[in-house]
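Take the given structure of chain A and dock chain B to it, following the hints.
As a plain string of letters, each chain reads:
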Amino acid sequence: AQKITQTQPGMFVQEKEAVTLDCTYDTSDQSYGLFWYKQPSSGEMIFLIYQGSYDEQNATEGRYSLNFQKARKSANLVISASQLGDSAMYFCAMREIGGYQKVTFGIGTKLQVIP
Amino acid sequence: EAGVAQSPRYKIIEKRQSVAFWCNPISGHATLYWYQQILGQGPKLLIQFQNNGVVDDSQLPKDRFSAERLKGVDSTLKIQPAKLEDSAVYLCASSLLGGVFDEQYFGPGTRLTVT
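Residue numbers (my numbering), protein chains in the order written: chain A, 1 to 115; chain B, 116 to 230.
Excised from the complex, chain B in its bound form:
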């Protein structure tokens, strides 16, 4: 079974530029998550999709971050414009249903450096 795929693995941009990340979840997984992990911290949920609908985006900085999951499969996360404090690893995860007892499977992450 193929795991969660993410690209790119690394990205370096200047502040005020735009960047987009892509995620392809495990086939058949209804729930998709985007996390931000700043160095030295645990992952923080940015947005959670159930199929192609948003379940929770309460911690997404909506003035600069956006995400979509068209057709309920793969997803993109965009930052526009980027700030220095956006430097982090962006992790995508998926789970079968998103229930309390549902295990999440993570992708390798995208390491973003904003200079």
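Just chain A, same shape as in the assembly:
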């Protein structure tokens, strides 16, 4: 089974609207971390937000929030008040405590913000 699944190859959102990017994960570890990264066309991976498996509250960082549903094994990224500069690839990733704590990435979702 895929460790990280991102089922939306591409998404469109109107400027100033909110958008949710889906991510589900698969692990048998109790301790793990979930990350979201943004990759603009320039290619650099930019860290956005992190959620630990033991965190009871959803993580928030400015306009980014992570909707963490542990029982469903989902960690969706919510971007509020979208801006044109948010157009990029978005990757969900997981680091498990086992397996050398390797980070596994999903295949990404391409977000395009429409003016």
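In case anyone wonders, no lab produced these hints; they're calculated from the structure.
Backbone N, C-alpha and C define an ideal beta-carbon position, used for all residues, glycine too.
Hints may contain errors.
To be verified - Straight-line C-alpha distance at most 25 Å; calculated PhoX-like pairs for lysine-lysine:
(1) A:Lys3 <-> B:Lys159
(2) B:Lys177 <-> A:Lys102
(3) A:Lys102 <-> B:Lys193
(4) B:Lys186 <-> A:Lys102
(5) B:Lys130 <-> A:Lys102
Stated by the list, open to error - Reference excerpt, derived from the structure (chain B facing chain A, CB under 7 Å, subset only):
(6) Gln156
(7) Gly157
(8) Pro158
(9) Leu161
Chain B only, in chain A's frame:
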């Protein structure tokens, strides 16, 4: 604080040639990662160093790829000989300790084209 540095940014070589990439992590970061990102996919971990020791190289094609991190600071990744399927962006990242809750910081990447 200076970020992760990588060079070169772009490289074009012919198949069967050799190529080397260089990475300088953030000062004080013990863990260094090399990722391969093929177009349309998420990054795939090639090798992970903790200081100057290899933690995980299970996905490194060892018949042609090699990496070293002398003195536990900067690192080089080499491909010899290159194949067409090696065309990708090679991303270097570093993190403070490499733990489950440890954020990775990425460099700008090296885009390799093998013709």
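Structure-based check of each hint:
1. Of the supplied pair hints, the one linking A:Lys3 and B:Lys159 holds, its CA atoms being roughly 13 Å apart against a limit of 25 Å.
2. A C-alpha spacing of about 18 Å is found between B:Lys177 and A:Lys102, which places the hinted pair at or below 25 Å, so the restraint holds.
3. Simply put, A:Lys102 and B:Lys193 have alpha-carbon atoms about 21 Å apart, close enough for the 25 Å limit, and the pair holds.
4. Our distance criterion of 25 Å between C-alpha atoms is met by B:Lys186 and A:Lys102, whose separation comes to about 22 Å.
5. Only pairs whose Cα atoms come within 25 Å are accepted, and B:Lys130 paired with A:Lys102 is rejected, the gap being roughly 30 Å.
6. Of the supplied interface hints, the one on B:Gln156 holds, with its beta-carbon coming within about 6 Å of a beta-carbon of chain A, less than 7 Å.
7. Because the beta carbon of B:Gly157 sits about 3 Å from the nearest beta carbon in chain A, less than 7 Å, this interface hint is met.
8. Given hint, B:Pro158 at the interface with chain A, holds; its Cβ is 5 Å from that chain's nearest Cβ, closer than 7 Å.
9. With 7 Å as the threshold, the beta carbon of B:Leu161 stays out of range of chain A, its nearest partner Cβ sitting at about 11 Å, so the hint is violated.
Violation of the numbered hints given earlier is confined to hints 5 and 9; the remaining hints are satisfied by the structure.
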